[in-house]
Amino acid sequence: MDLLLHLRYFRTVAEEQHFGRAAERLRVAQPSLSQRIQRLERELGVRLLDRGRTGATLTPAGRLVLAETDALLDAADRLRTLVGRVQGGAAGTLRAAVPPQLGGATVAALLTAYRERSPGGELDLRELTTAELTAELAAGTLDAGIVRHPCPATGLGFGPQLHQPLGALLADQDPLAEHPEIDVADLDGRELVLFPRPTAPALHDETLTACARHGCTPSAVREVAGIEFTRALILSGTHVVALVPRSAPEPGTTWRPLRGNPLTWRTSTAWPAGRDGPAVRLFTEAAHDVLREHAGLLPTATQRRLFPRPASEFPL
Amino acid sequence: MNTPVRGRITAALTDAGLGGALCATDIDTGATVALAADTPVSTASVHKLCLVATLYREAAAGRLDPTTPVDIPAGARAPGPTGLAVMRDAARLSLRDLASLAVAVSDNAAADILWDRLGLDTVNATMNALGLTRTIAVHNQAGLYATMVADTGDSGPAALVDPAAVARLTVLDPARTNRSTPREITALLTAVWRDEVCAGAWGEELRTVLGVQAWSHRLASGFPFDDVRVSGKTGTLPTQRHEAGVVEYPDGGRYAVAVFTRAASTAATLPAADAAIGRAARIAVDALRNTRERA
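Heads up: the sequence lines are chains A and B, in that order. Take the first sequence: its letter number 144 is residue 144 in the numbering used here, and every next letter is one higher. Take the second sequence: its letter number 237 is residue 237 in the numbering used here, and every next letter is one higher.
It is worth saying that the hints were derived from the structure and are not from the lab. Here the structure is a predicted model, which means the values were calculated and not measured. From the three backbone atoms N, C-alpha and C, an ideal C-beta is built for every residue, glycine too. Warning: the hint list may mix true and false statements.
[Claimed, not checked] With beta-carbon atoms standing in for the labels, derived distance ranges:
{"#": "1", "chain 1": "A", "residue 1": "T217", "chain 2": "B", "residue 2": "D89", "range": "40 to 50 angstroms"}
{"#": "2", "chain 1": "A", "residue 1": "L3", "chain 2": "B", "residue 2": "G153", "range": "52 to 62 angstroms"}
{"#": "3", "chain 1": "A", "residue 1": "P278", "chain 2": "B", "residue 2": "F225", "range": "54 to 64 angstroms"}
[Unchecked claim] On the chain A side, residues computed to face chain B include the following (Cβ under 7 angstroms):
{"#": "4", "residue": "P150"}
{"#": "5", "residue": "A153"}
{"#": "6", "residue": "F158"}
{"#": "7", "residue": "A202"}
{"#": "8", "residue": "E206"}
{"#": "9", "residue": "L208"}
{"#": "10", "residue": "P310"}
{"#": "11", "residue": "A311"}
{"#": "12", "residue": "P315"}
Generate coordinates for the entire structure from the input sequences, incorporating the hints supplied.
Have a look at this one:
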């Protein structure tokens with residue numbers, strides 16, 4: 001028995017409270033509709049409707065089944081829509097996403113660059129955190145994206161890495177703001193503002209480890225999501241510095257690059273492994289160019305020598 | 001009991017930027033805490049547990065004398081950052097002392113002498129005889145690292161911290177390298193501690209050898225108690241950090257634990273990730289101990 005179909009028929013009868021009107025609405029013969037409702041009642045083992053001379057009324061069991069029917073049919077509709085979106089992805093629209101703090105100009109440039117490379121191709125672009133983005137790539141609801149590393153690599157392919165330099169966002173009156181560039185070590189003992197750790201624990205830790213490596217152990221780390229609140233903290237405090245990528249200038253605060261770009265967020269395109277078709281490759285190329293030209297990302301960070309500890313077990 | 005415990009274990013791993021699988025078993029009651037415990041995992045150096053257990057089982061069966069000395073020439077050793085792998089001159093060691101080195105400092109060269117002497121097939125057959133049908137070795141240590149060199153090509157060691165290159169390493173795919181499941185590894189340790197791999201003096205000596213690991217940054221870090229004994233064997237590959245071992249409390253409680261993790265970060269030095277393995281293990285062991293008290 002097609003349960004969903006039978007439930008749809010039942011819902012219509014319940015709404016019309018009349019077999020004849022329901023049959024008319026469903027464009028089926030009334031005897032056939034009656035048989036189907038009886039079939040459903042046999043299947044569920046309860047009587048759903050009381051048939052009177054004036055119409056059909058719900059039994060208590062019928063009211064219960066009707067409530068559940070709505071939920072079931074809604075879920076079925078959602079499922080069809082979702083599957084439709086997945087199929088739609090194969091038919092010309094690339095579903096992609098970018099991480100937060102990439103900048104509006106960069107996103108606009110990315111859309112333009114993709115359209116230029118892929119005439120007629122559509123880019124359905126959203127903003128997602130790296131955790132959400134990798135989950136959607138794995139689930140197949142996303143075809144490609146720009147991710148920040150570290151990100152979980154299982155089942156993903158990655159484009160070449162780019163490095164987004166972090167700088168210091170300071171109050172205008174901050175003595176450090178007088179210098180065109182500042183050293184990470186100048187921030188030693190300051191109160192730092194960084195994005196909330198739960199949104200990307202590995203990147204949060206990596207950023208603070210890089211600070212320590214270059215001589216800055218903050219007195220405290222404030223975890224703040226939005227740029228507005230970040231600016232408010234900087235303006236209110238005397239010792240507060242935010243580590244953020246270059247951002248549009250706002251009165252009262254100044255962004256300064258860090259000498260030698262010791263703090264960078266590694267960025268690359270990502271897609272489900274083995275699924276880098278022509279559209280994904282066009283996206284990767286467009287993203288790579290736009291990130292370098294519009295977002296100031298650097299192709300290589302300073303090469304570091306590696307000294308893994310003996311407990312790392314594998315040879316380099 | 002299992003659900004909130006599993007949530008806390010997952011939280012401990014997530015907080016360190018890790019995904020992972022865990023199995024913890026009370027060796028005497030069989031009570032178990034499991035998190036994705038039947039997922040295939042790439043075992044890396046944790047597989048040395050299977051190797052050393054096989055050596056002692058062969059000894060107990062009289063098929064091999066573990067005191068047999070082996071001449072180890074200076075060159076042609078499996079690569080590695082410790083033990084014979086970094087030593088320069090010829091040496092002469094018994095099979096069981098090679099086993100001690102393989103456990104103490106995860107010595108790849110020592111392990112490969114044992115792999116060659118015992119054979120992959122014998123180790124796999126031993127695991128099979130113990131009912132561990134998903135615990136399979138397909139290469140020795142040198143063979144395993146050779147796949148990493150082949151996968152990274154000309155880009156050299158730097159590739160091992162490059163996310164794109166790491167994503168291509170076949171050694172991280174359980175289907176294509178030495179593998180097991182967290183549940184089977186704890187089953188092996190349970191069998192060793194219950195004298196089911198080998199009994200008597202050989203069983204005693206096997207447990208002693210499995211207790212000589214020099215480092216304590218992972219499993220043992222979760223049990224910083226002088227009166228608690230932790231025997232363990234780590235396993236490490238780019239982004240993967242594992243340890244399996246046995247935790248013994250003075251009240252007689254003893255627990256086999258296996259934790260397999262994969263980090264988002266490709267950094268080789270990640271102390272928070274190592275410590276999270278100990279924390280996850282303690283949450284599991286404490287849950288088993290609370291059950292035991294109530295029983």
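Hints numbered earlier in the text: which of these fail when held up against the supplied structure? Those not satisfied come down to hint 9.
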